[in-house]
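Combine both chains into one complex, guided by the hints.
Chains as they are written, first to last, in the working numbering: chain A, 1 to 417; chain B, 1 to 398.
Because the hints were derived from the structure by calculation, they are not lab data. Quick caveat: nothing in here was measured; it's all calculated off a predicted structure. For each residue, glycine too, the CB sits at the ideal point set by N, CA and C. Any given hint could be a false lead.
What the hints assert, rightly or not - Chain B side only, calculated, beta carbon under 7 Å to chain A, not exhaustive:
no.	residue
1	126
2	129
3	130
4	207
5	208
6	209
7	210
8	268
9	269
10	275
Stated by the list, open to error - Over 12 Å on every C-beta distance to chain B, these chain A residues come out as not near it, computed from the model:
no.	residue
11	102
12	118
13	237
14	317
15	345
16	384
Here's the letter readout for the chains.
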Amino acid sequence: MGVGLIAYLIGTGVGVWGLNRTVNWAWDITNFVWWVGIGHAGTLISAILLLFRQRWRMSINRSAEAMTIFAVICAGMFPLMHMGRIWVAYWTLPLPNTFGPLWVNFNSPLLWDVFAISTYFSVSLGFWYTGLIPDFATVRDRQTIPFMKIIYRITSMGWKGGVKDWQRFEEVSLVLAGLSTPLVLSVHSVVSFDFATSVIPGWHTTIFPPYFVAGAIFSGFAMVLTLLLVMRKVLHLEDYITIYHVENMNKIIIVTGSIVGVAYITELFISWYSGVMYEQYAFINRATGPLAWSYWIMMSCNVISPQLFWIKKLRTNLVFTFFMSLVVNVGMWFERFVIIVTSLHRDFLPSAWTMFYPTYVDIGIFIGTLGIFFTLFLLFSRTFPVIAIAELKSILKISGEAQKKQQAEKAVEHSIH
Amino acid sequence: MESPTSNNFSFPARLKTLSFILMGLGLAGLVASFLLYRDNSQRVWSNLLISAFFFTGISLAGTFFLAVNIVGESGWYTVLRRIPEALGKFMPFGLVALAVVVITGVLGLHKTWIWMDKEIAATDELIQHKSAYLNVPFFLIRFVLYAVIWYGFTLIFRKQSLQDELLGTLDHYYKMRKYAATFLVLFAVTSSTSAWDFLMSIDVHWFSTLFGWYIFAGYWVSGIAVMLIILLYLKSLGYFPQVNQSHIHDLAKFLFAFSIFWTYLYFSQFMLYFYANIPEEIIYFMERYDTEYRPLLLVMVGLNFVLPLLVLMTRDSKRNAQISVTIATLVILGHYIDLYQIVMPGTNGTNFGLGLPEISCFALFAGLFVFSVFKGLEEVALVPAKATFLDESLHHTT
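In isolation and in its complexed conformation, chain B is listed as follows (with noise of 0.2 Å):
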């Protein structure tokens, strides 16, 4: 890698090209689906919300990183924070499309929250019971409450990390410090609360203390992985000269830890329920368990956990960039397939598989959110010249 480095991104042709090409079949062929499947849409739309909730969550995933390194006070990630903050760029798109399947989903287009449905409401007791907090205005209210404290942080975090630079003082990092400390407690109450409302209310009578923390895991490691990935790109390209190997090791650290930290929840979720056996509880497994969605539920916890368990145990793997950025392109996969499992059986029962709508909404989402993110790493320069804890994460070792 010894081309002539530059610490200004500009956005490979090549891939832009792809990124458009992503995008315009994606959309060719979400709109194929909804022609195809005009008897079932739904499937489409439960597609849409996976894709949309996916790649937004990778985004908040790289604003949570900044914030826990912030509050840290690490000093490492200095030099490629670029990467989560460029991550914050897909957001906006990402909360639109939440917002396109939830005002869909509010008009009855399509019934992926079926408490919605004042029909079904009215003869189902449990939805009654739920309807204080289950309701299409609070629905609202919440989302909007999302959006805005997410959205607003990550701006805030880039606006400040850039002041950073041109300060590079210790009373601006305090000032930063106080507000990743607040992004920290706001998310805490909404990385549960919109997992409930996005995901678990799709299965409306089912409950489970744990699915938020389970569901943030997800898209945590997820983000890790996009990262890890974006790095090993730029750096093939010759960016990045002042990231060492350390660095990397430490990434896929996290990936290696938080898988485990996944798959730790997931048991926990799992085998709490399988163990006591209570029909009401136990129901969510047995329809993705004893059901055609077994082999994907099987493929997803071998993505998940045993792959990265086994690959990653190494230090020479994690240091190892093909190996790394492989893993990290199958745990994104992993949960991927993860959410896949979790929105389909309430919503499509077993009509699923790998059809139109599974690839176009993956494709669209996955080439807006490779052009947003991109064309974010361009705006400013890769490394920053002054920022407080840079000289630290120049002289990273392990």
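Pulled out of the complex, with its shape left as it was, chain A reads as follows (with noise of 0.2 Å):
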């Protein structure tokens, strides 16, 4: 569906979504900005964790990495869905052309944008594919089915698992997570910066870049659980994604939560403390406006309800975490929702102001790129190593439980001894 509905909106034009003359940003860049944000943490965990030297990321990175991949997938396609004639969408990059001194707009933030999302793209890509080859190596070495063997040959790039593999390999990962740490911090900043540069109430506001960041983290957790918890529900994963990295992310959670919540409640005050009358008006608009419900849906399920996670049975507790997982993805959807079309609908001139009604089509993309998105991610758990699995043997002497209920053992054998 998702498909039919991109071809028409490509044939026919930008027109059939439900944007109109003042509310000229709606859907598109919600989801966006919304599939972006999920992106973050995969990032997070792999790049930041690491820095961190946290090892329980471990037996979630992989999959974390692979949701981030596929999250900028979705996302990088409304831009282009977005151009109306996406046969010259290479003319974002600036590209020595034939049509005389033209180029691209470097003062715009959207081209920055094409800049940050492509390089985060790529390294995302990269990283996880380094972390993929030790592990396609191990799956090859297993296989029986000759085609699939060839398959996974290719694949792990004659991995042969000797000393100098593996310090290329670490020198590569080290490199990478450098990179992508303040990559990662850039690419949701230059996304506030499409909104925080221009001048419209609601949006020029200093606060966005670090706030965006914290959002993004805070969505993107929200979806690792989403996936994790049913992926380890179905491919019985319950050893290696334990009730303890569920609590972790429930934290991480928390904190990015409530950094949201306290970035809110900034923006409101000092919209009021401005004494700009336009501020003022544009959340008073939020949060009693005709479009209020998507503010008090925001503000519910991203600020109010993970603080039930402080309260440690609910964040040890599965059915919960995935409710809210739910929950605060919906939350961080609405939040771009409010920011977007609130912002626009009431703008400077109450003549112009008008509602704003998604379309059929609108729908239509948004759950078509839902549908690419689960639909990689269960190819991926299909037919990739879905735990690092080389990773995960370096700790598995100081944190698995069989070994440490092993050790356990022996010592008490030693004392009867």
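Here it is in structure tokens:
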């Protein structure tokens, strides 16, 4: 359905979306920001938690990184669709061209987005694939079907598991981790610049860059939880993805959710404090206007309900966590919707005020990207090692439950003899 | 450093003398400044605010450092946790100094916060609009709240830390973690509002949502730099034999990373206002860039960003004591200049310079800071004999 509607959109033009003269950005950019945000958790887990020496990341990083890549693919589709004329998409790149002295607009944050997202995508892909190579080799060595063996032989790029292989592997991993840390922060900062560099009330506020990054990590972790809790059950990974992992992710959700909450309240306060009429109205309109329902969904899903995770019983409860992860995903989608649509639909001139209603094309394309995302993720979990085997091996002796039990038994035996 | 090492720090006489000299000269200089700048005492008051806020911030950074590490279940810092604890010893002095500036401001002795002036407020619509928040009683209530929360938790962490060393049990650690989490929630609010109160309300018409986090990042980096310097200084005297290269490397990594974090926030705030170019907002940067403040601004960004970025990038430089201390010192200087250019344009216009008020205020507070912090280090053994996670910390390698 998504594919059909995208084809219809490209064939007909962007007019089939529910946009109008006043609300000239709505679901398209909401979905874009939402998907990019979801992508952030993967890089956070693999790069930033690596730098902070958090070992628990190892059993979740593979899937989280895969999720990052698929989410960024979904995100990237929206600007392409929005161009209307997708066949000239390469015009966004600063290529020397034959159109005369015509260059991209380097002053535009939208162009920075092109750079930020494409760099982010390539580095994430490189990082993910590097980690996969030794695991592919493991799969290759255990493969009995000749055809599959050939496939995994190609994907593992001749990995032999020698000392030199590992040394190069470690070097590349460290460099890529170092590269992706500033990248992950910059990507969502640049996304926030799309809004914050403008003079639209409700968009133009300096807290946007760090607050968008925190929000992105928040939503990303919610999506990781949604996916992993299902995967854990279906693929019987209970020994690898334990309650401890879930609890840690829930803690990150409390922290980032609270940062987002502080940012909401700061924005609200400063909009009043600033004394700027338009800023004040933008926030009054958000909370009490015709789209107030979306504002209160955002507030309750993102700020209020995650606070329940302060209770240990709830944050170690899998059903509740799964439910909350969906709530946060919904809340973060509405956050972007609130920021984008409520700021636009009642702008400076009351005579130009309108309402926004999505069309079936808007809705269909969004559902379509959800479909693409889950399909890619299912393909991934069907064919790829979903847990970083090689990395996990390195900490099995220190953290593995079975190992701990064995050692405890040994200790008991020693004391008996 | 093969001198006989002791786990009990004694305040070196030379450093103590130095701190007394700094305090004495600073105090004398301060009195002299008030006499010299009789017609323009505002410059002296502004400098008092800058120094008091700067060193209180460093002290607060120590408390925040403890809270974050306790909540994060981190172990590596246990061996050096006396240092952030000792930073808290300055806090009462800093808070008293801030109280003096606030009370004299309320009494009208200086015009650091012009919204306190009833005559100006009567003709200024924006100040009237903001008066629900910016009014003297509420300002004082907030100030008392900050003092109670910040210093209260500083004392609690110290007490709990000493208890932890007697008990060394996980149950006690869980109790500490509850306190730390409570502090972090309160700090999330007070760090922003205090920055609005003391600093943003100076330029009373101006506003920025990011301001609180930017100010926090400034004193957080300065605090890390101070901890690094104290650690390396004590190590050079032969203390802390248990602290190894990895601990130093970790602190230096923080210095590197949070210098970039500070720049990120500074840049975000500046770039968004520069790009949108709305007069009410960009005026703040024009007052600082299109005036005599420009060299200060550029030097500040150089010291706080370019220098740590380029020099602390490599592993070797982070593990080299001389390089780390040099950069940490320059970063502290950079953040002092940052605070200077935050406060001065709004209170003194372009009437600034490196004169007696600047030097004496800095000397007075630096002396007081050194004295109180090192005195605090003397109180108890440097490395706890028994503490949760101590073993992890002693075997820390990266």
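Hint check results:
1. 126: 5 Å, holds
2. 129: 5 Å, holds
3. 130: 6 Å, holds
4. 207: Check passed: Cβ of residue 207 of chain B comes within 4 Å of chain A, closer than 7 Å.
5. 208: Interface hint status for residue 208 of chain B: holds (5 Å vs cutoff 7 Å).
6. 209: Where the cut-off is 7 Å and the nearest Cβ of chain A is about 4 Å from residue 209 of chain B, the hint holds.
7. 210: At 4 Å from the nearest chain A Cβ, residue 210 of chain B passes the 7 Å test, so the hint holds.
8. 268: Constraint on residue 268 of chain B satisfied, holds at 4 Å.
9. 269: 4 Å, holds
10. 275: With a minimum Cβ separation of about 4 Å from chain A (threshold 7 Å), the hint on residue 275 of chain B holds.
11. 102: For residue 102 of chain A, whose nearest Cβ neighbour in chain B is about 23 Å away, the distance exceeds 12 Å, so it holds.
12. 118: Holds, since 21 Å exceeds 12 Å.
13. 237: 24 Å, holds
14. 317: At roughly 20 Å from the nearest Cβ of chain B, residue 317 of chain A sits farther out than 12 Å, so the non-interface label holds.
15. 345: Since the minimum Cβ distance to chain B is about 21 Å, residue 345 of chain A lies beyond 12 Å and the statement holds.
16. 384: With a cut-off of 12 Å, residue 384 of chain A remains clear of chain B, as the shortest Cβ separation is near 31 Å.
The structure shown violates none of the earlier numbered hints.
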